[in-house]
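Sequential numbering from 1 applies to the sequence shown in the UniProt record's numbering.
Among the hints, a few may not be true.
Computed cross-link-like contacts, DSSO-like style, restricted to lysine-lysine with a CA-CA straight-line distance of at most 27 angstroms [claimed, not checked]:
| id | residue 1 | residue 2 |
| --- | --- | --- |
| 1 | K248 | K275 |
| 2 | K312 | K275 |
| 3 | K335 | K83 |
| 4 | K294 | K311 |
| 5 | K189 | K258 |
Think of the hints as simulated: they come from the structure by calculation, not from any bench.
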Amino acid sequence: MLDHSKLRGITSKGLLPCPPCCPCRFALPVAWMAQPPPDPHFVLRGTGAAVHALHFSCGGGEPDIPVLFSGSENGFIHVWNLKTHRVDAALDGHGRKSVCGLKTMDGKERLLSQGRDQRICLWDLAEGRTSVTDSVFTENVGFCRCSLLKVAEGRWLMATAAKALEEVQVLELPSKTSVCTLKPEVGAKLGMPMCLKLWQGSCGSQPSLLAGYEDGSVLLWNLSTGKVLSQLICHQEPVMSLDFDSEKAKGISGSSEKVLSIWSLNEQQNLQVQKTHRLVNAGISDITIRPDKKILATAGWDHRIRIFGWKKLKPLAVLDYHTATVHSVSFSDHKSPSDRLLAAGAKDHRISIWSIYTQT
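Using the sequences and the accompanying hints, generate a full structural model.
See the structure below:
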């Protein structure tokens, strides 16, 4: 019989090891001693609408001020000063239609934003300017975020869902030259593309595209030939988000079901499921792997942010702050590990900022 009186005053992370003689050989959970989940480092309020997109720009170093861009359902993009925790600028370029994607191009002075107004806008934010310098009309009204990849100095590739239901268009920026249009084979019945990830392996290798579709499939596309290299059915429901680690040739995807799917890409360019992880509650809005490839975060329909170790997908933390669906998660690009942050944007109009596993 365990003498509970001997547990008083013991500090623990929630697990008390069994003595060597114990036959169970498992850790005994001590619920009353478990550490409560951490609170946000701080919270940003004032967007006035659900937050659907987040992107940090913090890699400039002193005296450059680190910022967080947020895109809201009301069409506004807010530029948050992470020193003062206040808005430095509010950008209105999408006709009050929801902003669903944000990326920077070589620093915070050039911003790419995607809206439900079927436009992708390029912003000039240098020296206090807040002007749209160029735009691309996508003719697509879906929720699929575009993907951006730098391929050379001053040159990017951008993949976006096209006007035709199942197609993906790839453009070169800033010229807006069409690189290819990716069309599934007749009768494939993939449905709409739901999420996109442009990536490039070792130096000199050709860029490729991973796309998650409405039927639960993930496809690997060759941009040179416009052909599918591999197709993998990862989910029974639409693939809501995916991310890919090109160094490990391993990716992860989430859907509207209770499963995270971890898959790999072998040398023959074939996608293979490695493992699955079952969730307590259904629905993943967003997945992002931290730039150092050590942890990842998921945004849940159950209002929670979940943190996993990327190597073995070990659950590390459940961050429970928001009161509605979390739509977006983003890791900062601070140069110093101790400064690294995680941001989460939700339907409750709030952006929570977390400082977790900064030394991991």
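- Item | Pairwise hint evaluation, K83 against K335, where the allowed Cα distance is 27 angstroms at most | Roughly 16 angstroms between the alpha carbons, so the hint for K335 and K83 holds.
- Task: Measure nothing beyond the straight line between the CA atoms of K248 and K275; if it is 27 angstroms or shorter, mark the hint as holding.
- Result: holds (15 angstroms)
- Given the hinted pair K312 and K275, is their alpha-carbon gap at most 27 angstroms? Holds. K312 to K275 sits at ~10 angstroms (cutoff 27 angstroms).
- Task: Starting from K189, check that the Cα of K258 is at most 27 angstroms away, please.
- Result: holds (23 angstroms)
- Message: For K294 and K311, compute the direct alpha-carbon distance and say whether it is at most 27 angstroms.
- Response: holds (7 angstroms)
In terms of the numbered hints stated before, the structure departs from none.
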